[in-house]
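Undergrad: Fit chain E to the given chain D structure using the hints.
Number of protein chains: 2
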Amino acid sequence: MKTPLKNKDIFFPVPAALVVCGESMNPNIITVAWIGMVSSTPPSIQISINKERHSLQLIRSHKEFTVNIPSSSLFRETDYCGIVSGRTTNKFADTKLTPLNSIAIKTPIIKECPFNMECKVIHELEIGSHVMFVGEIIEAHIDTDKMSTENRAQVDIDKVDPLVYCATIREYRKIGRKLGDAYQSGLTLINR
Amino acid sequence: MKTPLKNKDIFFPVPAALVVCGESMNPNIITVAWIGMVSSTPPSIQISINKERHSLQLIRSHKEFTVNIPSSSLFRETDYCGIVSGRTTNKFADTKLTPLNSIAIKTPIIKECPFNMECKVIHELEIGSHVMFVGEIIEAHIDTDKMSTENRAQVDIDKVDPLVYCATIREYRKIGRKLGDAYQSGLTLINR
Numbered sequence: 005m006k007t008p009l010k011n012k013d014i015f016f017p018v019p020a021a022l023v024v025c026g027e028s029m030n031p032n033i034i035t036v037a038w039i040g041m042v043s044s045t046p047p048s049i050q051i052s053i054n055k056e057r058h059s060l061q062l063i064r065s066h067k068e069f070t071v072n073i074p075s076s077s078l079f080r081e082t083d084y085c086g087i088v089s090g091r092t093t094n095k096f097a098d099t100k101l102t103p104l105n106s107i108a109i110k111t112p113i114i115k116e117c118p119f120n121m122e123c124k125v126i127h128e129l130e131i132g133s134h135v136m137f138v139g140e141i142i143e144a145h146i147d148t149d150k151m152s153t154e155n156r157a158q159v160d161i162d163k164v165d166p167l168v169y170c171a172t173i174r175e176y177r178k179i180g181r182k183l184g185d186a187y188q189s190g191l192t193l194i195n196r
Numbered sequence: 005m006k007t008p009l010k011n012k013d014i015f016f017p018v019p020a021a022l023v024v025c026g027e028s029m030n031p032n033i034i035t036v037a038w039i040g041m042v043s044s045t046p047p048s049i050q051i052s053i054n055k056e057r058h059s060l061q062l063i064r065s066h067k068e069f070t071v072n073i074p075s076s077s078l079f080r081e082t083d084y085c086g087i088v089s090g091r092t093t094n095k096f097a098d099t100k101l102t103p104l105n106s107i108a109i110k111t112p113i114i115k116e117c118p119f120n121m122e123c124k125v126i127h128e129l130e131i132g133s134h135v136m137f138v139g140e141i142i143e144a145h146i147d148t149d150k151m152s153t154e155n156r157a158q159v160d161i162d163k164v165d166p167l168v169y170c171a172t173i174r175e176y177r178k179i180g181r182k183l184g185d186a187y188q189s190g191l192t193l194i195n196r
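Sequence order for the protein chains is D and E. With the first sequence counted from 1, adding 4 to any position gets you the numbering used here. With the second sequence counted from 1, adding 4 to any position gets you the numbering used here.
One chain only, chain D, in its complex shape (with noise of 0.2 Å):
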């Protein structure tokens, strides 16, 4: 028996990322959990922004943002950015965390996120309330203490802890146990 819900704007699990934009010596970190990847070659990324939004105006003027994924601990910081707006207070002084220069474009990474993403802004759509912004990543970063020797992604998920937000439900959940592997799991269905 299924429920209808009609045209509900439900949808989980995603990443909350933050993504910082605005000039290097004034940046801005917003909330995003309307992202997804969007192209392999080049690699990119998409983020959607309400249009009501201060960063909207910081992304167009600079064509440029990162993307930023932080651990479970910082829970708190995330929702506080999702919260407040850039236009009257600086989110990097009230939640402590720490602007890093980027490799290849002027808008800083976020230290303590321990992985990050330089996006330079390729596309922009505007879908009702929202605009969305394609950005293709130039560079990508790890801590060098999460990275993994044991698979191609050179990332070690289980120390890079990363936050899962389940949208609309409106909650902040840890990863949990692996199932399986991706590309092998299903292959037991072809040999049955």
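These are computed hints drawn from the structure, not numbers from a lab. Some hints here could point you the wrong way.
Which copy? The list can't say, so a pair holds if one copy fits it or any two copies do.
To be verified - Below, simulated PhoX-like cross-link-like pairs (lysine-lysine); rule was C-alpha separation at most 25 Å, straight line: (1) Lys10 to Lys55; (2) Lys163 to Lys12; (3) Lys182 to Lys163; (4) Lys100 to Lys163; (5) Lys110 to Lys6; (6) Lys67 to Lys110; (7) Lys150 to Lys10; (8) Lys55 to Lys110; (9) Lys150 to Lys115; (10) Lys67 to Lys178; (11) Lys163 to Lys150; (12) Lys12 to Lys55.
TA: Positioned in the frame of chain D, the structure of chain E alone reads:
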């Protein structure tokens, strides 16, 4: 200390959604990790499909698709639908998943997935190796026994038990324990 990883397409955690497309008489399933909400009014979601994939032409022809969120118990079926091609096999038959009539569109939803969205394509954007389709969510469904009366989204996330995918690292995971509520956890930083 941070280590640069160049322009890799690493991103996590993401949903691993089962997207259905094609004719209602012969629908196909594709596993999509590059997916994300892009607007709330109208509720809209993007899926990005590699140009080589069979499903690309199906979505282009029919201008609609459904997004189906698998529970963690479906990780093998989810993986299978990302490994094999609908050009050569019927994935509904192979996985024993059941197509169920949608309300507003012709493309079916998947009965065994606890949460489903019916989408009509409103934008298409080519980005390098991939094509992004933005679908307006016309209708959503939840398994009635997985509804909650406690939150505004009417979804009991622990009953839905959504599959979490760590892209590039290529691991399927469960969601983990709750850390806090959104729009609340950050208030401690305002008052400190």
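Undergrad: For each hint, tell me whether it holds in the structure or not.
TA: To see whether the hints hold, each was checked on the structure:
Proximity of Lys10 to Lys55 under the C-alpha cut-off of 25 Å is restricted to the intra-copy arrangement: shortest distance 24 Å within a copy versus 31 Å between copies. When the C-alpha separation of Lys163 and Lys12 is checked against a cutoff of 25 Å, the pair qualifies only between copies, where the shortest distance is 19 Å, while the shortest distance within a copy is 34 Å. Taking CA atoms no more than 25 Å apart as the test, Lys182 paired with Lys163 passes in both settings, with 14 Å inside one copy and 18 Å between copies. For the homomeric pair Lys100 and Lys163, the shortest alpha-carbon distance inside one copy (22 Å) is at most 25 Å, but the shortest distance between copies (37 Å) is not.
For a Cα distance limit of 25 Å, the shortest separation of Lys110 from Lys6 across copies, 17 Å, qualifies, whereas the shortest one inside one copy, 49 Å, does not. In the homo-oligomer, the alpha carbons of Lys67 and Lys110 lie at most 25 Å apart inside one protomer (10 Å), although the nearest pairing across protomers, at 40 Å, exceeds that limit. In the homo-oligomer, the alpha carbons of Lys150 and Lys10 lie at most 25 Å apart only across protomers (16 Å), although the nearest pairing inside one protomer, at 42 Å, exceeds that limit. Taking the shortest alpha-carbon separations for Lys55 and Lys110, only the intra-copy value of 24 Å comes in at or below 25 Å, while the best inter-copy value is 33 Å.
Within a single copy, Lys150 and Lys115 get their C-alpha atoms as close as 13 Å, which meets the 25 Å cut-off; across copies the closest is 39 Å, which misses it. Taking the closest pair of Cα atoms, Lys67 and Lys178 never come within 25 Å of each other, the shortest separation being 32 Å inside a single copy and 36 Å across copies. In the homo-oligomer, the alpha carbons of Lys163 and Lys150 lie at most 25 Å apart inside one protomer (5 Å), although the nearest pairing across protomers, at 32 Å, exceeds that limit. Proximity of Lys12 to Lys55 under the C-alpha cut-off of 25 Å is restricted to the intra-copy arrangement: shortest distance 19 Å within a copy versus 29 Å between copies.
Violated hint for the displayed structure: number 10, the only one.
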